[in-house]
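Peer 1: Since each chain comes alone in its own frame, lean on the hints to assemble the complex.
This is what each chain is made of:
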Amino acid sequence: KQEVTQIPAALSVPEGENLVLNCSFTDSAIYNLQWFRQDPGKGLTSLLLIQSSQREQTSGRLNASLDKSSGRSTLYIAASQPGDSATYLCAVMDTGRRALTFGSGTRLQVQP
Amino acid sequence: NAGVTQTPKFQVLKTGQSMTLQCAQDMNHEYMSWYRQDPGMGLRLIHYSVGAGITDQGEVPNGYNVSRSTTEDFPLRLLSAAPSQTSVYFCASSYSRDRGLNTEAFFGQGTRLTVV
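In order, the protein sequence lines correspond to chains H and R. Be aware that the first sequence starts at 5, since it is given in the numbering used here, and climbs by one per residue. Be aware that the second sequence starts at 173, since it is given in the numbering used here, and climbs by one per residue.
Worth flagging that the hints you see were computed from the coordinates, not collected in a lab. Keep in mind it's a predicted model, so treat the numbers as computed, not measured. Where is the CB? At the ideal position from N, CA and C, for every residue including glycine. One or more of the hints may lead you astray.
Claimed, not checked - Only some residues are given here: those of chain H computed to face chain R with a beta carbon under 7 Å:
1) G47
2) L48
3) S50
4) L53
5) R102
6) A103
7) F106
8) G107
9) S108
Next comes chain R alone, as it looks inside the complex (with noise of 0.2 Å):
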């Protein structure tokens, strides 16, 4: 049982540079979401996912972008890195709450970025 699984586990990055995290899920689960988490503050929603093609914003969106080709993908782009976007990064899924499953979140064992 893969879960969800984030790619890469590190990154350091320089100030301008762009990249994206990559988050897959096995479970075919509906929703998706990526959350930052900073020290003394927990966990903040980046963006999230209620399906393929559907995304909507959190929190803290500015600076990320995201899209939902597939029901399994859901990566996290960092158009512009900057040094306060350094941050453990979280994504997790669940099923739509529609299908009457339990909708019990999953979480992927996060990337942990670095911008310098």
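Bound-form chain H, shown alone (with noise of 0.2 Å):
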């Protein structure tokens, strides 16, 4: 079974710091992976997906990477800013089921 972990679970960074959050999946065996932005009460967007055979997605000031054989995934954030502030989360969808599994979060806070 799947397991997707997030680290840290909360981040509080000053305005202008670059910051690099964490997620690591037990089976590599994955068709996509996807990281998304959720604030407070909202729903998801998406913000980035990377396909198996992908390294890594930039759109903007983010940047996510995929290591496939360690299970590894990571959202960089070039020159965060309170807007920023929000719960990111990254999901994995195996190859054998046609859904996602997610992990529980980073919660980023970025002070003014």
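Peer 2: And the structure:
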């Protein structure tokens, strides 16, 4: 059974810092990995999708990498802003299933 | 662009009542799924569907039923509500991986359910 872990559970940084959020998964037989953002009381917004054959994806100040063999992904946020404050969720779709397995998320607070 | 639409946004039920959470998508996605989100536990898969007429169980299916009679709709039924089903419910959809299209998952805004 796939298990997804996100470290740290919470993170507080001053504005302007570069930061890395970590995601690990136990079964490397994944189809894709997706990073989401969730604001309090809101739904999930997709940030980046990485197919299993890819090593990284970039969107603006965000860069996500994938090392399938070691079961790890990182989300890099450059020059953090208070508007980046949210919970970030990592989810994988296994090759044998057509739905996502989620980590518990990292709650990020960027201090002005 | 409506995307994934969930109704209602909020609901309070009494123990033992039944209800249906609605989910509709207008992107012609084959895959649809239901998750529940509890504090500190992330999202857990309840049921999912790979196309009309095809459904399967996820990790926490007990107490819930689903059906998929059309591509667009995937309702979740609570048969006899229990306080343990108090949660936020999310519906998601994506293209089938067999079509070779982007399989990015899109989520609705959620239904916050309280069972008293």
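Peer 1: Evaluate each hint against the coordinates.
Peer 2: Results for each hint:
1. A least Cβ separation of about 4 Å between H/G47 and chain R falls short of the 7 Å threshold, and the interface hint therefore holds.
2. Taken as an interface hint, H/L48 checks out: its beta carbon lies about 4 Å from the nearest beta carbon of chain R, inside 7 Å.
3. Satisfaction of the interface hint for H/S50 is found here, the shortest Cβ-Cβ separation to chain R being roughly 6 Å, below the 7 Å cut-off.
4. Given hint, H/L53 at the interface with chain R, holds; its Cβ is 5 Å from that chain's nearest Cβ, closer than 7 Å.
5. For H/R102, the suggested interface contact is upheld, since its CB lies about 5 Å from the closest CB of chain R, less than 7 Å.
6. Annotation: interface hint on H/A103 holds; nearest CB of chain R at approximately 4 Å, less than 7 Å.
7. Because the closest C-beta pair between H/F106 and chain R is about 4 Å apart, less than 7 Å, the hint holds.
8. The beta carbon of H/G107 is positioned within 7 Å of a beta carbon in chain R (closest approach about 6 Å), and the interface hint is therefore held.
9. Annotation: interface hint on H/S108 holds; nearest CB of chain R at approximately 4 Å, less than 7 Å.
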